[in-house]
Every structure is written in C-alpha cells, then in structure tokens.
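Engineer: Listed below, chain by chain, are the residues.
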Amino acid sequence: MNAWRRWKNRLMLALLAALAAVTVMPLLAITFYLISQGASALDLAFFIEAQKPVGELGGGMGHSIVGSLLLVGSGALVGIPLGLACGIYLAEYGDRERLAPWVRSALELLASTPSILIGVFVYVLVVVPMKGFSLGAGALSLALILLPLVARTSEELLKLIPSHLREAGLALGIPRWKVVLGVVLRSARPAILASLILAVARIAGETAPLVFTAFGNPNFSHSMGGPISALPLQIYTYAISPFDEWHRMAWAGALLLVGAVLVLNLVTRIAGGSHDRGSSD
Amino acid sequence: MIAAVVTDQEGTDGRTPVELETRRLEAYFGAHRALHGISLAARKNELLALIGPSGCGKSTFIRCLNRLHEETPGATTRGEVLLEGEPIYGKGVDPVQIRRRIGMVFQRPNPFPTLSIYENVASGLMLAGTRRRSLLDPVVEKSLRQAALWDEVKDQLDRPGTRLSGGQQQRLCIARALAVNPPVLLMDEPTSALDPVSTARIEELLVELKRSVTVVMVTHNMQQAARVSDQTAFFLMGEMVESGATDQLFTNPRDSRTEQYITGRFG
Ligand SMILES: Nc1ncnc2c1ncn2[C@@H]1O[C@H](COP(=O)(O)OP(=O)(O)OP(=O)(O)O)[C@@H](O)[C@H]1O
Ligand SMILES: [Mg+2]
Chain A
1 MNAWRRWKNR LMLALLAALA AVTVMPLLAI TFYLISQGAS ALDLAFFIEA
51 QKPVGELGGG MGHSIVGSLL LVGSGALVGI PLGLACGIYL AEYGDRERLA
101 PWVRSALELL ASTPSILIGV FVYVLVVVPM KGFSLGAGAL SLALILLPLV
151 ARTSEELLKL IPSHLREAGL ALGIPRWKVV LGVVLRSARP AILASLILAV
201 ARIAGETAPL VFTAFGNPNF SHSMGGPISA LPLQIYTYAI SPFDEWHRMA
251 WAGALLLVGA VLVLNLVTRI AGGSHDRGSS D
Chain B
282 MIAAVVTDQE GTDGRTPVEL ETRRLEAYFG AHRALHGISL AARKNELLAL
332 IGPSGCGKST FIRCLNRLHE ETPGATTRGE VLLEGEPIYG KGVDPVQIRR
382 RIGMVFQRPN PFPTLSIYEN VASGLMLAGT RRRSLLDPVV EKSLRQAALW
432 DEVKDQLDRP GTRLSGGQQQ RLCIARALAV NPPVLLMDEP TSALDPVSTA
482 RIEELLVELK RSVTVVMVTH NMQQAARVSD QTAFFLMGEM VESGATDQLF
532 TNPRDSRTEQ YITGRFG
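So the protein lines, in turn, are chains A and B.
Everything in the first sequence is counted per this note's numbering, starting at 1 for the first residue and increasing by one.
Everything in the second sequence is counted per this note's numbering, starting at 282 for the first residue and increasing by one.
None of these hints come from the bench; they were simulated from the model.
Note that this is a predicted model, so its numbers are computed, not measured.
Note that the Cβ used here is the ideal one computed from N, Cα and C, for glycine as well.
Treat the hints with care, as some may be off.
[Claimed, not checked] To give an idea of the interface, some chain B residues facing chain A are shown, with a C-beta separation under 7 Å as derived from the structure:
| no. | residue |
| --- | --- |
| 1 | Arg380 |
| 2 | Gly405 |
| 3 | Val461 |
Turn these sequences into a full structure, and let the hints steer you where they fit.
Structural biologist: Put into structure tokens, the structure is as follows:
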C-alpha cells in the first residue's frame, strides 16, 4: 500500500517535471539561438551608432535604443498615471459610482483591441492631422496599450487589500481619498510596482502600433514631433534587408530586447521575493 | 416592534445629558434585517455595556453609531441616530465629521501593516496632516501608556505594528483610537484577546476615560460589564430585550430572558 503510494508520487513528480521541461524548452532554445546568432554583433558601435547608409560598413542600433527608451518612457509617463487612476477609481469607488461599469467596459474593450488597431486609431487621430509620424504619436499608442493593462492589474491588487484596513482608516475620521492613498495604496505598493514593471516590459516589445505612429528613423532623434526609431522597428528593417551584417545586427537587437525584458522580470521577481519575506508576520 | 425607551433629559434624575442616542434603529445586510428597531441612549461620561449571545447584533449596532455599517456592500440602516441631538444620518451630514467625534476599537485587531508601531498610533493625526515629531511624540507615548502597551514597546517603536502579538495589537489599536482624542468611544470587545493583567489595566483605563469620554462597549464578560459600566443593554437576535442601570439589570432583571442569559442558562 505504502510502496504503491510512494511509487505513484514519484510517477506524478516525474510527469510534472517533464511537462515543466517542455514549457521551458522553447524559451531556452530561443535564447540560445539569439545568443549564437547575435552576440558577435554586440560591440560598442552597436550601442552608440545609428544605421549607416546601404553599402557602408558598420553602424548600430544606438538610435533605436534611445528611441525605444523615449517611446516607452513617455508612453509610461502618460499611461501609468491614467491607468492607476482608473484602477483606484474602480477598486475603491466602483461599488458606489454609477459611472464605474462604463469605465470598466471601456477599459475591457481597449484591452481586447488588437494593438495594430490602436496604431491605426492614433494614425487617424494624430498622425494625419499633424501631417507626420512622430515620437508623440508612438508614445500615445503605447500609453493606450498600457492604460487598460495597468488599470486592470492595479484594480485587482487593490481589491486584495482587506476591507478592515479601509474601515480602520475611516473610523479614525479620515476622508476616503486619504485612506485610499495613505493606507490602501501604501499597502498594495510593492505588488503594484512589480505589476507596473511587467506592464512596461510588455509595451517595450510592441511593434505593430509603432509602424503607423513612430514609423522608424535611420538617424538619432529625440524630437516629440518627428519620426523616431525603436528596437522592434529597427530589427524589422535590418532583418528584411539582404545584408548578412544587418541580419546579425537584427539578431543582436532581438537579443537585447529579450534580455531587457528578462532583466525587468527578474528584478520584479527578486524585489517581490524580498517583499514577501519582509511583510510576513 | 419594541416601544421606544423614554430617555430622561438632563436634570430629572441628576444624571448627565444624553450624548448618543438611537431611535428605532434598524440595520440591514441586503434584505436580511440584523437589528429590529433599537432605541437606546448613552449618556455623557457614562459607559454603556452591550451584552448578548454571539450573532445577536452587537457589532452591527455599534458600527451603525459611527456610520461604518454602510461601508459593507449592500448594508443599509433605518431609524435615527442622534449625536448630541443631531441626526448623524441626516441629509448632508458628512460621515467623516461624525467619525472624528466617535472613535472605534474593532472586534478584531486591525493595525496598518505597512506602518510602524509609532506610525500606527500617530496615524489619525498624521493622515490629518500633523507631521511634527515634537507634536506627535507626547501623544504617542501618552496613548500607549493609557493602553498599557508602552513598557512593552517603548524600545521598538519603529517595528511594524503587525509584528506584535494579537493582544498587543489589540492594545495598539486602542492607543490608535485614543490618540485622536474623540469625545465618544466605541469599543467592540476590547479585552477579548488580553491576559488578566492587561484586561485589568484596560478596565482601569475605561474607568479613568469616563471622566471625559462617553463609552459604548461590547463585552462577553459579565463581570467586566458589572465592574466598569453604568448602563447595560441586553441584545438577543437583533432585538434589545432590556436596558437599564447595570446593578439593577444584573441583580434584578425585568425580563426572564435577561435573567436566563446572565445566569448562564443560554447564549
Ligand atoms: N457582512 C455581513 N453580511 C451579512 N450578514 C452579516 C454581516 N455581518 C454580520 N452579519 C449578520 O448580522 C448578525 C449580527 O452580527 P454581529 O456581528 O453584529 O453579531 P455580534 O453580536 O457582534 O456577535 P459576536 O458576539 O460573535 O461578535 C448575524 O446574524 C450575522 O450573521
Ligand atoms: Mg461582534
């Protein structure tokens, strides 16, 4: 009886381990392939130079790194506060506000819109009237992707904070908004920060909406009103070219992107882990 | 429906004026009625004890007194609650202003998990805008001393409040309520998790507080009610069976159900 149980236990464990291996395998394969193809192109020039005209040797993705940082940074600057505001509104005032179900539906609709459609939407709304592709339009499209993502996760995380803490604050005669900011948000802060990093990592790889908005640019640029390069866009440009050197650079760009997202994930993992240990009682 | 208890106004029997009063108060959770028309008064500088078996509505009742009941989704009230004669459920009354005047200690300790012991005690003042340590320090020390917790935590005020034991957390929450100095204090079984020594010190605190504060306290401990309260009300299944002077209610109850409960025959 006991031996059979132990045997069954081992069998199940082996099965689960095999399934886990199957899940991890593609990730490992992609990473190793990226390293083998792209690592050789990761030199100093790759990080500081822009695209060279066709026929010239060298060049890099410095302009795309700067572009991605600017696009993701300004997208986050708009999308995160708006998303947080929506999340707080829905979690803390959702059951007493008549507007809340509409806000929630709108966010769900936005979340389920394919990102390429968001690009087209911003193209019609911003690019056409402004007569040009721009960093601003690209950042706006990323913000629109970020907004429902942040709103939904922060709403969920705020709802996990037990209501007796809100009541403790309210019973002290503190206005609701101060209880929300000073007690509830503060309690959920580590988890929300982690979710924000993941959300930002998610938009860092967005390509489709940028095609219609930021467009891409072979040179360095930081103007809000002008087209700008981004890592995913430049990877595409290099990848579809007929030159081996550019292909290598595309692989290196992909490696950089995957690596950056991986690092962001690990950071939240480590920060989240230390937080869990810190707050357990 | 129970007839409204006639409450004396000041002077007729030498007692202090009514500070907090309910009139035919009903409380609902959705369609479920948890309180069936309670009329009860707490007088200034007196301690009103609420006793009754588990689930009879004591917590629900005191949560109606500072408008916390309505924080539960679907929960509503009917009837009146008067604070110094003014209806707290009146139109345009801001619950925040009411709660400034009516402090509360909850049945289950609920310190703020992200705040230190010090910040927990000072939280009412800090969230209201007071930041200066020179103003907060004396209040924190006084409140913790009153709550019989100072000696145990004075060297670790920066530790998280949730790292304390259950009974210490309960006293921390008492200190937090005292720190904002409200004229009325609602206490839901404030000593349920405490050892006899701490319980005795909280009871001393209650007697001392009565000089300046009106207290409504829920307790399952009959001796405690007899020791510290002036008035006692007995609740049963959402109704108030009987209320009156504590010594009278315990020695000579009017209702047979009260007598059965206090002699331990049911509940
Ligand atoms: N959040 C809630 N939703 C629905 N019903 C509730 C809720 N809280 C309490 N009740 C009901 O209201 C009634 C009174 O509960 P209450 O907590 O006031 O009892 P109590 O007298 O404080 O009991 P105890 O001595 O165990 O604390 C109970 O029947 C309970 O089931
Ligand atoms: Mg209770």
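Engineer: Have a go at the B/Val461 hint: is there a Cβ in chain A nearer than 7 Å to its own Cβ?
Structural biologist: Where the cut-off is 7 Å and the nearest Cβ of chain A is about 6 Å from B/Val461, the hint holds.
Engineer: With chain A as the partner, please determine if B/Arg380 meets the hint condition of a C-beta pair closer than 7 Å.
Structural biologist: 4 Å, holds
Engineer: Holds or violated: the hint that B/Gly405 contacts chain A, with Cβ atoms closer than 7 Å.
Structural biologist: Result: holds, 4 Å to nearest chain A Cβ.
In this structure, none of the earlier numbered hints is contradicted; all agree with it.
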